[in-house]
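Quick note, the sequences are listed as chains A and B, same order. Sequential numbering from 27 applies to the first sequence in our numbering. Sequential numbering from 27 applies to the second sequence in our numbering.
By construction, these hints were calculated from the structure, which means they are not laboratory data. Note that CB positions come from ideal geometry on N, CA and C, so glycine has one too. Among the hints, a few may not be true.
Not the full set, but computed from the structure, chain B residues with beta-carbon under 7 Å of chain A [stated by the list, open to error]:
(1) Tyr127
(2) Ser128
(3) Pro137
(4) Met162
(5) Leu170
(6) Val206
(7) Leu207
(8) Leu241
(9) Met245
The calculated lysine-lysine pairs, modelled on DSSO-like cross-linking and capped at a C-alpha distance of 30 Å, are [what the hints assert, rightly or not]:
(10) A:Lys228 to B:Lys261
(11) B:Lys228 to A:Lys281
(12) A:Lys228 to B:Lys228
(13) A:Lys250 to B:Lys281
(14) A:Lys174 to B:Lys174
(15) A:Lys209 to A:Lys250
(16) A:Lys281 to A:Lys350
(17) B:Lys67 to B:Lys209
(18) A:Lys110 to A:Lys209
(19) A:Lys228 to B:Lys281
Here are the computed distance ranges between Cβ atoms for each label pair [to be verified]:
(20) A:Ser151 to B:Glu145: 46 to 52 Å
(21) A:Ser50 to B:Ser50: 39 to 45 Å
(22) B:Ser63 to A:Asn161: 29 to 35 Å
(23) A:Arg64 to B:Pro225: 52 to 58 Å
Protein chains: 2
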Amino acid sequence: MAAATTETTFSAEEYFATQPPPPSLEHDIGEVRDFISRQVKEGRNVVLVTSGGTTVPLELNVVRFLDNFSAGTRGATSAEYFLKAGYAVIFMHRQFSLQPYSRHYSHSTNPFLDFLEIESRSGTSSPPEICVTHNMRQDLLEVLTAYKSVHAAGTLHTMTFVTVNDYLWLLRAVSQELCVLGKKSMYYLAAAVSDFFLPRQKMSEHKIQSGKGSLHIEMDQVPKILKPMVHEWTKGEAFIVSFKLETDEQLLIPKARAALERYGHQVVIGNDLHRRKFEVVFVSRAQRPLPSTDLDDQSPGTFAEMWLRIPVLATPNPVTHQVKEIEEDIIAELVRRHSRWINEVYN
Amino acid sequence: MAAATTETTFSAEEYFATQPPPPSLEHDIGEVRDFISRQVKEGRNVVLVTSGGTTVPLELNVVRFLDNFSAGTRGATSAEYFLKAGYAVIFMHRQFSLQPYSRHYSHSTNPFLDFLEIESRSGTSSPPEICVTHNMRQDLLEVLTAYKSVHAAGTLHTMTFVTVNDYLWLLRAVSQELCVLGKKSMYYLAAAVSDFFLPRQKMSEHKIQSGKGSLHIEMDQVPKILKPMVHEWTKGEAFIVSFKLETDEQLLIPKARAALERYGHQVVIGNDLHRRKFEVVFVSRAQRPLPSTDLDDQSPGTFAEMWLRIPVLATPNPVTHQVKEIEEDIIAELVRRHSRWINEVYN
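Looking at chain A on its own, in the form it has when it is part of the complex:
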């Protein structure tokens, strides 16, 4: 049986005071710092995209862990559209989750060995050549061209996390580095972060032995880090977008509004687990009274909701067969809002 019950929780401060940082933190942050200072020099906006699920190890020598469902499709796809829009992207993702560009050929989707062919060159002693099958050539050429040009421009920086502890430490440290960009920084927090964790002090050292009956796990709540992130780490200047994934549609908008009220950031993108590829809702605070026809729905005076929808196609393979990806529209709308946010300051 899984259930949530009442108990006291860690504050962000208590969390970082009691849980150990990942060993590679300093090294990772040194690289981010270099990346950011190059983008500052070159005048780019920078977005931190988080992507994939976090784990909660149950043992110090990790065999078992709690995980959150996420292949990283939203984050990897969005990163491509941010890059296309001229942003520099820090792509902070779960190890082995999908990545921009390579996502088109990952895992079981278009396994790349299937579109390579061996062509022996008859009449010569040269070794056989490896070719790309004809039907894949055009697609691959487009993806490869975008990939190479992003690498040449140096606008994509990738870093990985596995556990929710890695994630929290990295997020705080990257936020502090991104401060130098002020309003020109955006956060696109698409990672599926665990709400619960097992404090280091409560973990068992070795693999939990079975054979003795049922397993009981009791976890503490992960601190709500959006509040210190908005008000302290980023000094209230960054444009921060968080996500709310629900399976019960009824909860989507109330929970998104509650998050905005509690944390004071700019946008919550709400999505239902089963319709997330075709439909999302932007929830934000209404800036001024708007005629009600401008928006699909608007709560009186406080919140604005804007739905983005794309058609659900007959062959809904999100990577190859879908003509349009909803992330294209999501990023276009965010770039527009971020630009307004930046101009509100500089004007």
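Put chain B on the given structure of chain A with help from the hints.
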């Protein structure tokens, strides 16, 4: 806190009577049946390789799940060596875990977009060509050649699972199909299967809500299916190899012996989480008294242990930089033992 406490458990029979089969079971098994009957006609031995970790969903609309650590390296690597040894392989693996051949270029290891180049053909109006970088060409050609020849021979059949429930239903159904092969079937159970599960009847329908304190999870024990597998599903004829992964070295051999006693199968391969790429131990029942110099260690009269070790290299990248993979030796030893097992019957 995670701890195991005493409670009654499901028998395999009770498990299958109360937990629903995966929706694609019939379709998947139809394909396996066709594959097996082709191998029977062509006279091949068939091995079922299971690979990757199973999940335990905590919710019916899955957001959170318990997982077992496994990228699927052992299974994917072993499958290649079985194919090389002339076996037909049913590769039953966790969705998105590593697969034979493509494993060499998966995830962050050798991302394949990095070794493709765009070569524009000057002086012509033809579109640019995609080439493989020079330093990767030889390696890729070898992998690709093996991959293409296995596909041409039709000796590899792949099927996927996600949850421990998928895994258990598939394993039982495949075992029943493999019966027709008698002694010529082998089971190489390298998947990291959860010891615990959450019965369908106890799962919450929607995402467990946070914000209300700590998380308590109480799980039941997964039934020990090796026993019915050995004695009922495979009628005692198949050659069955299971794995024991521990982080506490002291437990390895006692637990491997206990498993052999309890289930009555042929081999347990024991491995320590941190040394599994370089060292494993084969534990089996001693068939006859052997001079003690033949084996590293042997318990009096009952069990035989045989250690396999390969050197730990300075650059221990298991896929690309390691000259030797321990799976090569593991499979060679198993093929030898399986052949003896087959001949004991036919002679």
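Non-conforming hints, listed in increasing numerical order:
4, 6, 7, 10, 13, 20
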